[in-house]
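Next come the chains, spelled out residue by residue.
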Amino acid sequence: MKNRLPRPRIAFFDMAGCEGCQLAILDCEDIFLDLVDLVEIVQFREAMSETAPRYDIAFVEGSIHREIDADRLRDIRARSHRLVALGGCACHGNVQARANDWAPAENLQRVHGADTAHRVQTDGRYWPLWAHTRVRALHEVVEVDYLLRGCPVDRDEFLHLVKRLLAGSRPTFPAQPVCVECRRHGNECVFLQGETCLGQVTRGGCGAVCIGGGYRCDGCRGLLPDANLASHRQLLRERGLDAEAIDQRYRLFLSGEITDREGTDEQ
Amino acid sequence: MGSYLVERSVFIDWISRLARHEKVYFPLPVSKSSFRFSRVRSRSRLALEDFDDPRQAKPFRASACIPPPVRLLAPDNELLFTFRRDSAGDCHPTPVLDHNRRILAGVRPCDLKAIALMDRFQGDGIADPYYLARRGNTLLIGHDCLQPCDEYCFCEAAGSLSWRQGADIFLTPQPQARLLVEPLTDQGAALLADAGFPACSDVQACRARAAARRPTPFARQFKAPLARVMHAVAESWQSPVWERHAGRCFSCGTCNLVCPTCSCFDVRDDFNVEDPDSGRRTRHRDACMLEDFAEVAGGYNFRKSPAARQRHRVMRKFVYLPQRFGGTGFCVGCGRCGRQCTVAIDIFTIATDLLAGAGEAA
Amino acid sequence: MKAIDPRILTPTMVRISEAADMTAQERFFRLRLSRPLGHRPGQFVMVSVPGIGEAPISICCGPGDHDRLELLVRSAGSLTMVLRRLEAGDQVGIRGPFGTGFDLADFEGRDVLIVAGGLGLAPLRSLIEPLILDRQRFGRITIISGCRTPADELFGREMRAWSRVPGTRVIRLVNDTAHLPWDGEVGLVTAPIAGLDMDPAATLAVLCGPPVMYKFVIMELAGRGLAHDRIFIDLERRMRCGIGKCGHCQINHLTCCQDGPVFRLSTVQSLPEALA
Numbered sequence: 001m002k003n004r005l006p007r008p009r010i011a012f013f014d015m016a017g018c019e020g021c022q023l024a025i026l027d028c029e030d031i032f033l034d035l036v037d038l039v040e041i042v043q044f045r046e047a048m049s050e051t052a053p054r055y056d057i058a059f060v061e062g063s064i065h066r067e068i069d070a071d072r073l074r075d076i077r078a079r080s081h082r083l084v085a086l087g088g089c090a091c092h093g094n095v096q097a098r099a100n101d102w103a104p105a106e107n108l109q110r111v112h113g114a115d116t117a118h119r120v121q122t123d124g125r126y127w128p129l130w131a132h133t134r135v136r137a138l139h140e141v142v143e144v145d146y147l148l149r150g151c152p153v154d155r156d157e158f159l160h161l162v163k164r165l166l167a168g169s170r171p172t173f174p175a176q177p178v179c180v181e182c183r184r185h186g187n188e189c190v191f192l193q194g195e196t197c198l199g200q201v202t203r204g205g206c207g208a209v210c211i212g213g214g215y216r217c218d219g220c221r222g223l224l225p226d227a228n229l230a231s232h233r234q235l236l237r238e239r240g241l242d243a244e245a246i247d248q249r250y251r252l253f254l255s256g257e258i259t260d261r262e263g264t265d266e267q
Numbered sequence: 268m269g270s271y272l273v274e275r276s277v278f279i280d281w282i283s284r285l286a287r288h289e290k291v292y293f294p295l296p297v298s299k300s301s302f303r304f305s306r307v308r309s310r311s312r313l314a315l316e317d318f319d320d321p322r323q324a325k326p327f328r329a330s331a332c333i334p335p336p337v338r339l340l341a342p343d344n345e346l347l348f349t350f351r352r353d354s355a356g357d358c359h360p361t362p363v364l365d366h367n368r369r370i371l372a373g374v375r376p377c378d379l380k381a382i383a384l385m386d387r388f389q390g391d392g393i394a395d396p397y398y399l400a401r402r403g404n405t406l407l408i409g410h411d412c413l414q415p416c417d418e419y420c421f422c423e424a425a426g427s428l429s430w431r432q433g434a435d436i437f438l439t440p441q442p443q444a445r446l447l448v449e450p451l452t453d454q455g456a457a458l459l460a461d462a463g464f465p466a467c468s469d470v471q472a473c474r475a476r477a478a479a480r481r482p483t484p485f486a487r488q489f490k491a492p493l494a495r496v497m498h499a500v501a502e503s504w505q506s507p508v509w510e511r512h513a514g515r516c517f518s519c520g521t522c523n524l525v526c527p528t529c530s531c532f533d534v535r536d537d538f539n540v541e542d543p544d545s546g547r548r549t550r551h552r553d554a555c556m557l558e559d560f561a562e563v564a565g566g567y568n569f570r571k572s573p574a575a576r577q578r579h580r581v582m583r584k585f586v587y588l589p590q591r592f593g594g595t596g597f598c599v600g601c602g603r604c605g606r607q608c609t610v611a612i613d614i615f616t617i618a619t620d621l622l623a624g625a626g627e628a629a
Numbered sequence: 630m631k632a633i634d635p636r637i638l639t640p641t642m643v644r645i646s647e648a649a650d651m652t653a654q655e656r657f658f659r660l661r662l663s664r665p666l667g668h669r670p671g672q673f674v675m676v677s678v679p680g681i682g683e684a685p686i687s688i689c690c691g692p693g694d695h696d697r698l699e700l701l702v703r704s705a706g707s708l709t710m711v712l713r714r715l716e717a718g719d720q721v722g723i724r725g726p727f728g729t730g731f732d733l734a735d736f737e738g739r740d741v742l743i744v745a746g747g748l749g750l751a752p753l754r755s756l757i758e759p760l761i762l763d764r765q766r767f768g769r770i771t772i773i774s775g776c777r778t779p780a781d782e783l784f785g786r787e788m789r790a791w792s793r794v795p796g797t798r799v800i801r802l803v804n805d806t807a808h809l810p811w812d813g814e815v816g817l818v819t820a821p822i823a824g825l826d827m828d829p830a831a832t833l834a835v836l837c838g839p840p841v842m843y844k845f846v847i848m849e850l851a852g853r854g855l856a857h858d859r860i861f862i863d864l865e866r867r868m869r870c871g872i873g874k875c876g877h878c879q880i881n882h883l884t885c886c887q888d889g890p891v892f893r894l895s896t897v898q899s900l901p902e903a904l905a
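For the record, the sequence lines run as chains A, B and C.
In terms of our numbering, the first sequence opens at residue 1 and continues consecutively.
In terms of our numbering, the second sequence opens at residue 268 and continues consecutively.
In terms of our numbering, the third sequence opens at residue 630 and continues consecutively.
It should be emphasised that the hints constitute simulated quantities derived from the structure, not laboratory data.
Backbone N, C-alpha and C define an ideal beta-carbon position, used for all residues, glycine too.
Take the hints with a grain of salt, since some may be wrong.
[Said to hold, decoys possible] Some chain B residues flagged as far from chain A (calculated, every beta-carbon gap over 12 Å): (1) MET268; (2) ARG308; (3) ASN404; (4) ARG431; (5) THR452; (6) ASP453; (7) GLN454; (8) ALA456; (9) PRO507; (10) TYR587.
[Claimed, not checked] Among chain A residues calculated to face chain C with C-beta under 8 Å, some are: (11) ARG164; (12) GLY168; (13) SER169; (14) ARG170; (15) THR172.
The task is simple: from the sequences and hints, build the whole structure.
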């Protein structure tokens, strides 16, 4: 590209998450060295250990739980020209956003049992960290320029974003359901095989890899802006799922979004 | 042109031999219930339905496979051009057209009609050179249907069941595991010339035998002639039917993406990471049921509601394209959209409801 | 059998001879072609930066046997962001011209009323230029051009020059002066229509602007007794091909890229999806 900007300084940071998205990016190994020719990677805990004061593009993985994490994110934001939420946790809270359905104390008890909960709650070193925990997506704390969705992110979308930013453009991620990619890839519809799937209400861009691999869509990339949830809930009911099972399905990855969209569980 | 009456297994042998030196595509099973037009590499999975028991081996499912065979002429992720920048920074884009010869075998009447309609659409006005390059080097071997696919099919009502036009060779199942093989074009005749098939002495009788084998009526029927259905759709702009069928719609685009006469596309540019001075533009199947399909740069969406998009999709088949190209509708009655829709929104039902509404209004 | 152009969806690279920001959002480009495009007023080209993308851009210069092509590009998307940084000497790809455009013969001897909202002035400039250039062929020319603030005004210098041509009136409007110096009027483009000295039987009106503008301008023109076959509208749609195939610009049974983007109102008024 003749009109390419100078090599941007890129950094990766992780908050609460599994670091799987960073691994997904390292998985671009066939072109990773070419990529490193185009960008300057200044911070990447999974691969190296340098730090730099300013970044052109900061990729932040994981969700924000504690206030000290929020402060760290604000600091990264202040030092970055562009900030990208890397993966489902950073974009919408992902699996851990389920924790927001309960008060921290109740949550602790559900996960670790009463004994452990009691020990933590009476420990002055730990409990202050837990007491006000609320799982937040990055955009609930700072301004986010771009979202790379998915659990983990899609390598082609990552490359698309990097290339577009390199060229002085911006990435385009159409808000289209997973079904579009199933049809493009010739996947047989999960529903027509008698199973159920969240593809119709979930943002695509993943190449429908889960369905292509013989599984179903659990919604890790977040809800479509115009998702017809009422119709989807009814469809799942018609396929024999009860209200609790449906909530379980929606709340696996979509807790951070589903409550806002559907309201409380009146159904 | 002489026709042939040949044992089915002999014909399948011939297809698999042909596939050794030609690119032959045939509906091959990809799972228990689904078939896809795929490149023939061996004889093993080739099957054609039986005259006496058309549903026996269930290859009849192959009749409406996803994606439809017309997609081989306009594939997803199709390369439009490549480019490279020279040392002076000047860019040189070069179109990449696919002139490879290919043979699509086992194309059902509904899909033959869809391809014929796409031939007209793609060749109209400023022609699409990519489609026509592929089409001009593609031979079609059609295959008759003696049984409707299932309860979604309505090919006879849509005027597709007896479609032959565009096929170079046409196959009709016959009793005792035999097949009537009719060349319909010079190219088809040339392909069959040295196949060594026995000649058919009475083509008319063979055709009549197959026609008699079909159930009457064949699959679902509209309650009025197709012309009246098309008229009812044309007059239905304000109909409450659109809203009724949109309530459960996910706007997922599946009905468009499986339709053999949907051809809308989006384009995408990319450059190579390993060599940023080179890259390509590709095109991808798009769908007018998707929310942002008719949105302009300023953000205004000309078909914001699912009902408006549903109406556009159906009107395009029954009104808009027929208006431009005359004659029959662009819905071929293959039933794919209704069959694939997870909430059973079915273009046949929509058209039937509009027809009923028109009757009440009249 | 008609000729099939294998390059119809592949851009031809041309060089930018002049590039300048016109406002904070719009950048003006003059391209040098290897041969005249032979376009009509109101046609458009598909503009590419290979590797980034392509978008339809109205031609904003008049027709003629020249090797110039002028475009006004608003930064609105992933492609125009890149176009915005291009300078003289850089290349862009073009395809076209596409669409029907205006037929100057329709305007011969008529009074012409041009109503432009914002960026709508760019395509209409391709019509205004030949009207002004061959002034005596046409009747009175009235140009109403509106934008948000004085800082958003397009072709301001040219509009002042047009206003000095005999028999030509230019009404420049802003919605809001935004505390900037302004020598035009304040208000919407609909406002001056009621007070125009206009003979509806001898006038043709031409409209281009954002989707919401049309309804209100058409209402004003109807109030002045202008028949619908005397009103031309230049419509905007998403376009991916320019050859009537991609489906995005379809307006009922018409395609905006081939049957338009310029339509007589009488053609599209019965099409419910034509106007917002």
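Determine which of the earlier numbered hints do not hold for this structure and return their numbers in increasing order.
Of the numbered hints given earlier, the structure breaks none, since each of them holds.
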